[in-house]
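Q: Chains as they are written, first to last, in the working numbering: chain A, -11 to 348; chain B, 24 to 446.
Treat the hints as calculated values from the structure; they're not laboratory data.
Among these hints, one or two may not hold up.
Here are some chain B residues pointing at chain A (derived, C-beta under 8 Å) [claimed, not checked]: (1) Gly55; (2) Glu141; (3) Ser153; (4) Lys157; (5) Leu179; (6) Glu183; (7) Val347.
To give a feel for the contact side, a few chain B residues facing chain A, derived at Cβ under 7 Å [stated by the list, open to error]: (8) Ala44; (9) Thr46; (10) Arg140.
These figures come from a predicted structure and were not determined experimentally.
Even for Gly, the Cβ is constructed at its ideal location relative to N, Cα and C.
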Amino acid sequence: MSPAPVRMFLKTRLGTWTGFGAAAIVLFGLAPLLLSGFRLGLLAQFICYAIVAVGIGLAWGRGGMLTLGQGVFFGMGAYLMAMHLKMADAEFRNGPGAVPDFMELAGIRELPAYWAPFSSPAFTIAMILLLPTAFAVLLGLAVFKRRVKGAYFAILSQALAGAFAILLIGQQSLGGFNGLSRFQYFFGFTLADPVNQQMLYFIAAGVLLAVVAIALQLRRSRYGELLVAVRDAEERVRFLGYDAANVKVVAYAVAALFASVAGAVFVPVVGIISPASIGIVPSIMFILGVAIGGRASLVGPVVGALAVAWAQTALSEQFPSAWTYAQGLLFIAIIALLPGGIASVFKRFPTKRTPVEAAA
Amino acid sequence: MPLRLKLKARDLARTLAATAAITGLVATAACGTRAGEETAATESCVDTSGDTVKVGSLNSLSGTMAISETTVRDAIALAVKEINAAGGVQGKTVEIVAEDGASEPTVFAEKAEKLIREDCVAAVFGGWTSASRKAMLPVFEDNDSLLYYPVQYEGLEASENIFYTGATTNQQIIPALDYLAETGVESIYLVGSDYVFPRTANAIINAYAEAHGIEVLGEDYVTLGSTEFSTIVNQVKSAGADAVFNTLNGDSNVAFFREYANVGLTAEDMPVMSVSIAEEEVGGIGVENIEGQLAAWNYYQTVDSPANTAFVEAFKAEYGADRVTSDPMEAAYTSVYLWAATVEKAGSFAVADVQAAADGVSFESPEGTVVIDGDTHHVTKTARIGEIRADGLLYTVWESEGPIEPDPFLEGYDWAAGLGDTE
């Protein structure tokens, strides 16, 4: 089959199910079979980046909002989860109300009040879902109602990521510059056990599929059409009587939610979260993956995020002291040759249009 | 018109349900050990059947720390080369697997895991920032492998799986304070980068100052990498302390010392005692801005000993006459020899055997004799106060009487009670 019919097929309902089925087989079947425990753990980490990328694909690719600060929401999810894991570890060791180990080293003897509720798993998960989303809605309303857009929005969101990282560095009760690490248990499961590490991979893969499903439904809905319309001609949409700001806020909040969930999965997978993983540079890396994959397509951001992370690991393993040059060249080459990202590679092949297809 | 979110709700629900079902099924089928249960020990994959044995060298070769950590990589490579030339370890040639930590804690954790689980190295050498060590620590503990960490740090740690060959606080900071007190300093000003090492160091300095009647006139922190110092330097100047204790790291030192010289402060009227400035950094700051200032380390290129002469000569022969040797490089070089000596003593590369044999293993290092303390996994070190001179090198102006026993939790100091208290 040439690429064009494949694309057509994937747009049908059967095609969608086939696509998800294939992805599920690869993620749940092939990957665990073919990859060593260590590589599977890495893939789980990359999948977390891909989950963030799906959100950016929605907000930036479909909604035109260049979200240069997704590290903020990623970090919120990650720190919220990390707080719960540290609390659970401390309580498992020393009973209720115990102070996490890193605080003892920092000279904090009393558990700060805002930490206490995070010993509850339900509260933690609720906060991971609600807090970043609510923050994004408030911020989005404040920004988009004032019609801040384009480069101004990008600068604002990036500044936010920088400020957030600096804020965290100053918080000794959140681990400061070192961040939070050394987690023993994940909701009662020992993280050091390879079997549980595989379970975390499955959770990450499942979340990725769910997030892609949600993004797909949003794209195909009336709302999805409206979002693209706002991206391409915001004034016209406004003249038609829609509130363009609300349309944007929804996409921005969904992207924030995805990033937060990704952060929450990232923490048990990687075992550390620190301001270095959520500031300006990581936020740009998120965007880069999406740009390379193809921001406007559904699967492009996922492929791009996975490809960028994989290339970074593979190149740095091969050329430990020169990989950054190779990576830079790769980025330049892709953006110069494929401005639409990896996802546009199919469209580069000229497809002969049959008269029937053209008429349809 | 209100915004209507008309989703094909049924489709979405189906897809989500299907995903949840698959994930739930696969995830629960794959459940492992729960909290409190004994985890099966991870099998080591270290292969010692051949003529070679692999070790990891994990340093930041890119990012902000690259300038410092590449020098450590060179020192590790030199030690391995020398050991191989002398017949290897247990008759086996040591082979380095190099990885880039990229100045990021998560990358350090990732690469450490790769070195242990994929490359099956017998030990890993490297790490610099405390953040990178904290990120790697659980990896080495969970996989039961060994890390040799070569940089002075804030203490309050002792992992079975890490050997700390840099100074802990009682081998660097406390001797520096003793020296200042001896020279009649009665008030100090603290300047540091905002992360764990300066904060812990300053907590110790405050406790020391209180116990020894030294007045702390100010305590300022800047974000790592910050280069804006006019406010702080002016505060330092107007506070009029007898000395400044500097725990800044990296680029901030350049801006700090330039501003310090700029407002007319000199080493004569207000000396600065630094704990993160070595031979490598002096060039970047500019000798004219820092001449006469003090540093506290365990090793300088100018240390006068046969072992050091040999080390400096070998290093310059390998990497060029313009290169300098510094404390972390020397500690990294020493760490490879300590590992080799421990393996020879144990007669085995196995982690448990190396841990059991470590106590009392010694090496005639460029800084003097170092001995591993089996309880804390730290080493004995000679403290040295150095003065920066016009040729850009540091010269010892004071040194401790022999090597100091490591005391990472400061248990031997009454005034430090409560600092390292983790009960």
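Q: Give a verdict on every hint.
A: Hints versus structure:
Taking 8 Å as the C-beta cut-off, the interface hint given for Gly55 of chain B holds, the closest approach to chain A being about 3 Å. At a threshold of 8 Å, the smallest CB-CB gap from Glu141 of chain B to chain A is about 6 Å, leaving the interface hint in force. For Ser153 of chain B, the shortest C-beta to C-beta distance to chain A is roughly 6 Å, which falls under 8 Å, so the interface hint holds. Look at Lys157 of chain B: its Cβ gets to within about 5 Å of chain A, closer than 8 Å, so that hint holds up.
The beta carbon of Leu179 of chain B comes within 5 Å of a beta carbon in chain A, closer than 8 Å, and the hint placing it at the interface holds. For Glu183 of chain B, the interface hint is violated, since its Cβ never comes within 8 Å of a Cβ in chain A; the closest pair sits about 14 Å apart. This hint is violated: Val347 of chain B has a C-beta 20 Å from the nearest C-beta of chain A, more than the 8 Å allowed. A distance limit of 7 Å between C-beta atoms decides the matter here; for Ala44 of chain B the minimum to chain A is near 10 Å, and the interface restraint is violated.
Hint status for Thr46 of chain B: holds, given a least beta-carbon distance of 3 Å to chain A, under 7 Å. Look at Arg140 of chain B: its Cβ gets to within about 4 Å of chain A, closer than 7 Å, so that hint holds up.
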